[in-house]
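*Asks:* Given next are the chains, with one letter for each unit.
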Amino acid sequence: MEIYRVDARPIDVNEALMAIQDPAAGGQAVFLGTVRNEFEGRPSDGLFYEAYAPLAEKEMARIGAEIRAEFGCLHVAMIHRVGELSVGEVAVVVAVSTAHRAEAFLASKAGIDRIKSRAPIWKKERWADGSAVWHHDPTAK
Amino acid sequence: MEIYRVDARPIDVNEALMAIQDPAAGGQAVFLGTVRNEFEGRPSDGLFYEAYAPLAEKEMARIGAEIRAEFGCLHVAMIHRVGELSVGEVAVVVAVSTAHRAEAFLASKAGIDRIKSRAPIWKKERWADGSAVWHHDPTAK
Amino acid sequence: MAKVTVLFFSYAADRMNGRQTAYEVSEGTTVARFFDEHLKGKLGESMNGLMFSINEEWAGPEVTLHDGDQLAVIPPVSGG
Amino acid sequence: MAKVTVLFFSYAADRMNGRQTAYEVSEGTTVARFFDEHLKGKLGESMNGLMFSINEEWAGPEVTLHDGDQLAVIPPVSGG
Chain A
1 MEIYRVDARP IDVNEALMAI QDPAAGGQAV FLGTVRNEFE GRPSDGLFYE AYAPLAEKEM
61 ARIGAEIRAE FGCLHVAMIH RVGELSVGEV AVVVAVSTAH RAEAFLASKA GIDRIKSRAP
121 IWKKERWADG SAVWHHDPTA K
Chain B
1 MEIYRVDARP IDVNEALMAI QDPAAGGQAV FLGTVRNEFE GRPSDGLFYE AYAPLAEKEM
61 ARIGAEIRAE FGCLHVAMIH RVGELSVGEV AVVVAVSTAH RAEAFLASKA GIDRIKSRAP
121 IWKKERWADG SAVWHHDPTA K
Chain C
1 MAKVTVLFFS YAADRMNGRQ TAYEVSEGTT VARFFDEHLK GKLGESMNGL MFSINEEWAG
61 PEVTLHDGDQ LAVIPPVSGG
Chain D
1 MAKVTVLFFS YAADRMNGRQ TAYEVSEGTT VARFFDEHLK GKLGESMNGL MFSINEEWAG
61 PEVTLHDGDQ LAVIPPVSGG
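Line by line, the protein sequences give chains A, B, C and D. Take the first sequence: its position 13, counted from the start at 1, is 13 in the working numbering, and no numbers get skipped. Take the second sequence: its position 31, counted from the start at 1, is 31 in the working numbering, and no numbers get skipped. Take the third sequence: its position 8, counted from the start at 1, is 8 in the working numbering, and no numbers get skipped. Take the fourth sequence: its position 35, counted from the start at 1, is 35 in the working numbering, and no numbers get skipped.
Everything labelled a hint here was simulated from the structure, so no lab data went into it. In this text the structure is predicted, and so the values were computed from the model without any measurement. A few of these clues could be false.
Said to hold, decoys possible - Straight-line alpha carbon distances no greater than 30 Å define the calculated DSS-like cross-link-like pairs of lysine-lysine that follow:
#: 1; chain 1: B; residue 1: Lys58; chain 2: B; residue 2: Lys116
#: 2; chain 1: A; residue 1: Lys116; chain 2: C; residue 2: Lys40
#: 3; chain 1: C; residue 1: Lys42; chain 2: C; residue 2: Lys3
#: 4; chain 1: A; residue 1: Lys116; chain 2: C; residue 2: Lys42
#: 5; chain 1: A; residue 1: Lys58; chain 2: C; residue 2: Lys40
#: 6; chain 1: A; residue 1: Lys58; chain 2: C; residue 2: Lys3
#: 7; chain 1: B; residue 1: Lys58; chain 2: D; residue 2: Lys3
#: 8; chain 1: D; residue 1: Lys40; chain 2: B; residue 2: Lys124
#: 9; chain 1: B; residue 1: Lys58; chain 2: B; residue 2: Lys124
#: 10; chain 1: B; residue 1: Lys58; chain 2: D; residue 2: Lys40
#: 11; chain 1: D; residue 1: Lys42; chain 2: B; residue 2: Lys116
#: 12; chain 1: B; residue 1: Lys116; chain 2: D; residue 2: Lys40
#: 13; chain 1: C; residue 1: Lys40; chain 2: C; residue 2: Lys3
#: 14; chain 1: A; residue 1: Lys58; chain 2: A; residue 2: Lys116
#: 15; chain 1: D; residue 1: Lys42; chain 2: B; residue 2: Lys124
#: 16; chain 1: D; residue 1: Lys40; chain 2: D; residue 2: Lys3
#: 17; chain 1: D; residue 1: Lys3; chain 2: D; residue 2: Lys42
Isolated chain A, as found in the complex (with noise of 0.2 Å):
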């Protein structure tokens, strides 16, 4: 089964999990990306997440053909989460199944590293001193 969605609900990562179930997997590789309480060393609160969702949904479903057939994965999940996260909640699972685990742990890195480098989605960082500020704004500080 494949899974490419940008959510507003809570990501349970059991979905993730049954999603990539299948009997010729011998790996399965889960990564989270969990929202920090700092950010290059500035206290922070937690973040804001907004998606181009259609747009990022294909763009993660082609980020998931490319590593099926890359590494052999036999199933991908991919759901981002947007809107207000506090310290700790899940921002993003990518969880992959192959039927061995070398490829598992290279799929799942390809595919959050790709997720990050292309899926049009943005976080803006809610400092703890109250401000707030875009990543990547040019004129942020």
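Once you have looked at the hints, place chains B, C and D on chain A.
*Replies:* Okay, now just chains B, C and D, sitting in the frame of chain A:
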């Protein structure tokens, strides 16, 4: 939190996920080893796992200490199942949390690689033809 | 004239004071020309760091806008 | 004499017809000598591919067995 356990009960992945939660964690990597329906092309009905539990748990804890030191893991959870497992069941989970994602993948991979090479745990394949043999038995066929 | 809906995200939405705006552009207008005429000043940056999509698919700055198109301005992404 | 409990696992347990056996060995017997005298024949393999532990900790073949020790014979592992 740390978990290093050999367990005859089905593995609850959520227990491992809870154990590695940390407000400073930006990445969590979870590896699940699952029982396949074949090995080297020969159909299988499942695996029987046996462990020398006290020493296996000590060795897992040592591996956990190593990957914490080498990759800066915030938390490590390792659970290895024993007993009769059916195709699709989880035989082992290695879950880690780290500040950044690259280290999470490296730590989780090192964790499972070292468990496989060092923990006193053995698997017996239940071939679909009814025979059963221990892996690494020098006289097995 | 072609009616075009333009979507903004992240800091670009802040600068444009909204996430969606309707524009009327002359026939034959490319994304690049539209950007120069309508967005460059308010966004305060060149097109170099931005990407675009038309009707939910990636599109280069050379692509011509048509009536009913939905153009999205995609700032550098920061998901994950 | 020293009483020693010996644990077997995996295919070694099959060959020894059991997972635990009690032995009496002379004082000063090392793991290697115990292996040669009591296990080698039944296991049908040399010590090279095996590891040992005494009282739940890894131990080399040169270690001496003491009264009450629990020796474990560890065939090549295959967990995961």
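*Asks:* Taking the hints in turn, state whether each one holds.
*Replies:* Hints, one by one, checked against the model:
Restraint check for B:Lys58 and B:Lys116: the C-alpha separation of about 14 Å stays at or below 30 Å, so the hint holds. Between A:Lys116 and C:Lys40 the alpha-carbon distance is near 26 Å, which keeps this suggested pair within the 30 Å criterion. For the hint linking C:Lys42 to C:Lys3, the alpha-carbon distance of about 20 Å falls within 30 Å, and the restraint holds. Taking the CA atoms of A:Lys116 and C:Lys42, the gap is about 27 Å. The hint holds against a cut of 30 Å.
For the proposed pair A:Lys58 and C:Lys40, the alpha carbon gap of about 28 Å is at most 30 Å, so the pair holds. For the hint linking A:Lys58 to C:Lys3, the alpha-carbon distance of about 25 Å falls within 30 Å, and the restraint holds. Distance restraint check for B:Lys58 and D:Lys3: the Cα-Cα separation of roughly 25 Å lies within the 30 Å cut-off, and the hinted pair is therefore satisfied. Taking the CA atoms of D:Lys40 and B:Lys124, the gap is about 23 Å. The hint holds against a cut of 30 Å.
Using a Cα cut-off of 30 Å, the hinted pair B:Lys58 and B:Lys124 holds, with the two alpha carbons roughly 23 Å apart. For the proposed pair B:Lys58 and D:Lys40, the alpha carbon gap of about 28 Å is at most 30 Å, so the pair holds. For the proposed pair D:Lys42 and B:Lys116, the alpha carbon gap of about 27 Å is at most 30 Å, so the pair holds. Between B:Lys116 and D:Lys40, the direct Cα distance comes to roughly 26 Å. Compliance with the 30 Å bound is thereby established for this hinted pair.
Taken as a hint, the C:Lys40 and C:Lys3 pair is honoured in the structure, with Cα atoms around 19 Å apart against an allowance of 30 Å. Distance hint between A:Lys58 and A:Lys116 is fulfilled; the C-alpha atoms sit about 14 Å from each other, no more than 30 Å. As the CA atoms of D:Lys42 and B:Lys124 are separated by approximately 20 Å, the hinted pair is consistent with the 30 Å bound. Taken as a hint, the D:Lys40 and D:Lys3 pair is honoured in the structure, with Cα atoms around 19 Å apart against an allowance of 30 Å.
Between D:Lys3 and D:Lys42 the alpha-carbon distance is near 20 Å, which keeps this suggested pair within the 30 Å criterion.
The structure fails none of the hints (numbered hints given earlier).
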